[in-house]
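Take these sequences, add in the hints, and give me the full structure.
Note that the numbering used here has the sequence shown beginning at 1, numbered continuously upward.
In short, the hints are calculated from the structure, not lab data.
Note that the structure is a prediction, hence the values are computed from the model and not measured.
Some hints here could point you the wrong way.
Label-pair distances were calculated between CB atoms; the ranges are [claimed, not checked]:
| hint | residue 1 | residue 2 | range |
| --- | --- | --- | --- |
| 1 | 112 | 65 | 25 to 35 Å |
| 2 | 80 | 176 | 34 to 44 Å |
| 3 | 195 | 33 | 34 to 44 Å |
| 4 | 118 | 44 | 12 to 22 Å |
| 5 | 43 | 194 | 47 to 57 Å |
| 6 | 82 | 38 | 14 to 24 Å |
| 7 | 155 | 49 | 25 to 35 Å |
| 8 | 199 | 19 | 52 to 62 Å |
| 9 | 176 | 97 | 37 to 47 Å |
| 10 | 221 | 25 | 48 to 58 Å |
| 11 | 142 | 46 | 23 to 33 Å |
| 12 | 176 | 114 | 20 to 30 Å |
Glycine is no exception: its CB is placed at the ideal position from the N, C-alpha and C atoms.
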Amino acid sequence: MKKTILFLFLIITVCSNAQTDVTGKIKTESVVKHELNYALHRPANTKEKKPLIIFLHGSGEKGTDIELVKVHGPFKYLKTNELDAFVLAPQCPDNEYWDSEVLYQLILKIQKENNVDPNRIYLTGLSMGGWGAWNLAFAHPEMFAALVPIAGFVDRVPMIENCKIGAIPTKIFHGLVDDVVNVDYSITIYKRLKKCNPNISLTIFDDAGHDSWTRVYDNKEIYDWMFQQTKKQQNE
1 MKKTILFLFL
11 IITVCSNAQT
21 DVTGKIKTES
31 VVKHELNYAL
41 HRPANTKEKK
51 PLIIFLHGSG
61 EKGTDIELVK
71 VHGPFKYLKT
81 NELDAFVLAP
91 QCPDNEYWDS
101 EVLYQLILKI
111 QKENNVDPNR
121 IYLTGLSMGG
131 WGAWNLAFAH
141 PEMFAALVPI
151 AGFVDRVPMI
161 ENCKIGAIPT
171 KIFHGLVDDV
181 VNVDYSITIY
191 KRLKKCNPNI
201 SLTIFDDAGH
211 DSWTRVYDNK
221 EIYDWMFQQT
231 KKQQNE
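As structure tokens, then:
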């Protein structure tokens with residue numbers, strides 16, 4: 001009788017140690033609330049559809065003081081010049097980074113509430129905003145008629161999926177002696193995009209450090225170039 005009990009015990013032990021594969025399913029829902037301040041410049045005449053420029057600031061302008069988004073970029077230019085366009089400058093909260101989907105929803109909101117020409121929406125940004133501009137363009141390439149990233153870091157996904165924005169006219173700017181974001185990021189993405197984007201250029205300022213944006217945004221030429229780009233042209 002004892003032998004029989006021992007034998008059954010051994011069988012049970014061996015079976016309990018056998019390997020098994022298990023499949024299953026789990027459903028979860030994660031709700032994250034985001035809040036962005038933004039400044040919006042409206043042109044004098046909005047009876048006709050007008051272009052929209054989206055400007056993403058750098059890390060130094062994060063926070064809740066909306067006046068910070070006017071320190072650099074198109075809003076600085078608007079202090080002494082006119083632009084016959086809507087200009088949108090969202091403000092990234094402290095301890096956060098640009099979120100492409102939040103920005104996308106903001107742009108849709110601005111389009112809905114204003115007489116924006118959907119074929120002339122332009123995206124630009126500096127430093128952290130250049131990084132944000134790259135990511136937003138890759139997330140929603142169908143939205144933009146032109147892209148102007150300045151001194152921006154480039155993530156691995158855009159480096160791999162470079163031709164996803166092959167139809168967007170792009171001007172890249174960077175400083176050769178930038179000690180914050182290495183110029184190699186702009187050089188590398190330019191070389192990759194050049195293979196599938198016929199309307200792309202890279203300007204490297206030999207004497208510029210991280211601030212390679214002031215001379216770009218203070219110059220009328222960049223706005224004139226943007227306004228010449230339309231999505232209709234890209235689809236023809």
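Quick rundown of the hints versus the structure:
A C-beta distance of roughly 27 Å is found between residue 112 and residue 65, which places it inside the suggested range of 25 to 35 Å. Look at residue 80 against residue 176: about 28 Å separates their beta carbons, and that is not inside 34 to 44 Å. For residue 195 and residue 33, the hinted distance range of 34 to 44 Å is satisfied, since their beta carbons lie about 40 Å from each other. Distance hint check for residue 118 and residue 44: the Cβ-Cβ separation is about 21 Å, which falls inside the suggested range of 12 to 22 Å.
Taking 47 to 57 Å as the suggested C-beta distance range, the pair residue 43 and residue 194 does not conform, at roughly 34 Å. Distance hint check: the CB atoms of residue 82 and residue 38 are about 21 Å apart, consistent with the given range 14 to 24 Å. Our hint of 25 to 35 Å for residue 155 and residue 49 holds, since their Cβ atoms are close to 33 Å apart. Restraint check, residue 199 to residue 19: a C-beta distance of roughly 57 Å satisfies the suggested window 52 to 62 Å.
In this structure, residue 176 and residue 97 break the distance hint of 37 to 47 Å, their C-beta atoms being roughly 26 Å apart. Against the hinted window of 48 to 58 Å, the Cβ-Cβ separation of residue 221 and residue 25 comes to about 56 Å, which satisfies the hint. Checked against the hint of 23 to 33 Å, the C-beta distance between residue 142 and residue 46 comes to roughly 24 Å, which is consistent with it. At about 39 Å, the CB distance of residue 176 to residue 114 disagrees with the hint of 20 to 30 Å.
Hint compliance for this structure: hints 2, 5, 9 and 12 are broken, all remaining hints hold.
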